[in-house]
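Participant: Below, each chain spelled out in residue letters.
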Amino acid sequence: MTVIEQPGPLLKRFAARPALLGSLLAVAFAALVGLVLIASIGVSVPDAISAFVDGTVGSPYSIAASINRSLAFALVGFGFILANRANLTNVGGEGQIAVGGIAATAVALYGHVSGLPFGLSFLLPMLAAVVVGAAWGALAAVMKVKAGTNEVISTLLLSFIGVWLLYWCVQSPALLRKPMTTSATLPESLEIPDATKLPLLSGDYSFPLHIGLPLTVVIAVVVAVLLSKTVFGLRLRAVGLNPVAANRAGISYARTVVFALASAGALGGLAGALMLLGEQYTLKDGFSSGYGFDGLVAGLLARGSVTGVIAAALLFGFMRSGGINMEMVAAVPTALVVVIQGLIVITLAGATLFIEKWERP
Amino acid sequence: MSMSSDLAAPAAEPLLSLRAITKRFGSFAALSDVSLDIRPGEIHCILGENGAGKSTLCNLIFGVHRPDSGVMRYRDAAFQPSGPADSLALGIAMVHQHFSLVYDMTVVDNVLLGRERGVLKRGECAAQLEKLAVEYGLPLDPYARIEDLSVGERQRVEIVKCLIRDPSLFVLDEPTAVLLPDEIAALLEVCRRVASGGRAVVLVTHKLAEIKKIADRVTVLRGGKVVGGSSTPAADINGLVRAMIQGNVETLDTSAASIMGLEPVRHVSHARSANAPRIEVLQVSGLTVKDHQGVTRLDNFTLGVDRGEIVGVAGVEGNGQSELTAVLAGMMPATEGRIHLGEIELTARSPKEITAAGMGIVPEDRHAVGCVAAMSLAENIYLNRLEEFTRFGFLKRGLLESKAGEMMQRFDVRARGPGVIFSSLSGGNQQKAVLAREITLPNLVCLVAAQPTRGLDVGAVAAVYSQIRAACERGVAILLVSSELDELLTVADRIVVLYRGRIMGSCIADPARRAEIGAMMAGQAQ
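Residue numbers (our numbering), protein chains in the order written: chain A, 1 to 361; chain B, 1001 to 1526.
Only true hints are included.
Derived DEER-like restraints, expressed as beta-carbon distance ranges: (1) B:Val1119 - A:Ala335: 57 to 67 Å; (2) A:Ala349 - B:Ser1150: 48 to 58 Å; (3) A:Asn87 - B:Ala1133: 48 to 58 Å; (4) A:Ala135 - B:Gly1294: 33 to 43 Å; (5) A:Asn87 - B:Gln1246: 37 to 47 Å; (6) A:Ala349 - B:Glu1147: 38 to 48 Å; (7) A:Val131 - B:Thr1347: 37 to 47 Å; (8) B:Lys1352 - A:Asn87: 12 to 22 Å; (9) B:His1098 - A:Ala254: 27 to 37 Å; (10) B:Thr1347 - A:Gly119: 45 to 55 Å; (11) A:Ala349 - B:Gln1283: 52 to 62 Å; (12) B:Asn1050 - A:Ala335: 55 to 65 Å.
If you are wondering where the hints come from, they were derived from the structure by calculation, not from laboratory data. Please read all numbers here as calculations on a predicted model, not as lab measurements. By construction, the Cβ of each residue, glycine as well, lies at the ideal position given by its N, Cα and C atoms.
Isolated chain A (complex conformation) (with noise of 0.2 Å):
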């Protein structure tokens, strides 16, 4: 069905969208609330806004800093969804990056990659990181092939295992944890060589962009030419519809959904290496922070589509960056933020079926 777009007013043009609308008025409803909490526990609603918008659009530095916050969420949410047309959900995401974040950290400080050419320093890394999270993601597949064992719990609770694997590898010195010279050096892994760092798109720590940001508007074309325009974006959607009548016509289960899980993997895993060498550049604990269910949550809501994924990591990566920086200047606490976003969740939610039924009653 094609969609006869016309000119018109603004407002006209929105109420032929009404997905686009309800979106963005249930983001201005979830804000709304938001505001009245931050009001309600004493803090200055002017102040808190005029730190929020410092820390999203304020300053190169800040739109940077969101629009690279974005990446690791966009990544988590096109695996989440590559997965789930085949009917497959995957909440390891948070493991993932984990893993992906560990196995960046070991090749690019024990790798001897700082010396090669083409780019290969941070590229090996990020390899490596992609392997080790299709792994993570494989191994929950195989568990479903094999035993039956539902990949939401599997991959939940290899999320738990990536997540103290990380913490395991950065409290050990012979594992990743920098030499200890006093007893007061932090447990976190030694600073990732220059070489092995993201190189910026602008060249300058200001605007710090990193080519993260083509790589992954890539793989989004990548991603939604494979599920809108390849035999293997229908099988993957067979499987996903009906599994049984998939397999007669000979299309393999097994190998099709140890495929979804393993590219949403290594999405995650890719996830944690443009975290690690673009951002942090130090792999300490906590390092996945949540990322992991946010990417999650993106893909949720996104509804199968890509655009949606970038819609909802944007959204999300503005938020935390914005969230980070009230809490440093207008002392709003980051828990708020988290509450508005699980707001913005419901609403969307809440908007989505509204809008449905709406559109067909």
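Position chain B against the provided structure of chain A, taking the given hints into account.
Facilitator: For chain B alone, coordinates are given in the frame of chain A:
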């Protein structure tokens, strides 16, 4: 023959009357402007194809649905049941198309279910069952568990569940679909006895043989409207059929007419010459299937199907047919036995390998196994060979849809276009699409079709069989599994009968041997 069903002089006040009843589901009118009368003492048949609105009509009478407009009167009073409980309280009982029995419980407990409060009076109930057994010829062991009973006996339980309430109006929705030939005759006899006691019976069916035998009056539904009726059904049968299928009886495919019960069953021979050399294509030997509880579902099944031959597998459902087709399709492992297709061994091969070897499968469960209902018609027609429409991994959707369009033409699949969602098609068109996919396998040598006409209307039945016969004439070996004996007698060359997973016997498909085959279906060795 008239467009109205209550044309005879009003001999008695109607027990139930419907006036201008309309029932919509969303924008779809399941029933529109339906009027009819049910009189005491009559057997009133509701005739119509699938989707004509028969079940909706029953559900309105039984209080499951409420009409959107129109008036229902029962015993000369306004009748607006708000649920089955209301209808039951007024003396209306219904036997549904699908059993509603608790399989772990005994007959008595099932009969008492929902009727008694406090202490269960099992003895009293058993005595009542004894009485009904004598009165209506419905013998049942009151303390047998449902799961140990045959399908026919289970239906008897459903019937006594109704009769024990002493209903004034007895509604049966397609009750004969699962029964053996003898059981059908017995059921019709029960209907006659119920009606002769001054009660009214509403019998929903699409089988003309039953109408000829038992109906006092008939109302024909098509597309939710009353399109015909008769109070002398046996004499008007051709007119009723014409109304039901909106077509000319004379142009009906012989096999379809015979399956419908319009003509006496007669064998429709195809081009297979008796002198043609026999080349065994499909060889199944010693196939045994045990389920996960260790119960043998298929027991030492051995059968060969020749090139250009149609072998029918008869039997009441649940006697191993599902397991047989699932194993042949590669969807279920066999415990023992071998399957060969020509020189190729297909034992324990994957569905993909089985398809590649040239075996087409029309599964009995179209929705669960035959299609991905939420995908498009074109995608479903080519689901097993999507790789033909790919270039560098990209799907050539234009080519896929144009090829699917050709298939729609060739197999008379009616839809708005190849891009429509499969689930929006009617059952008949869905089945034609599944058949098209399997029968056009490039190297097809054998086709296994399980219950290929279930739930299909006459036109679709004829289309399915003309395709199957055409394949057969091209030399394809065909294994046809069906619970409709008339269907097999019409189209098959040879029939084997399955009973409790074993082959009870086999014979050529000769309508004269109907009784013999019926007895084998009931487990009597010949």
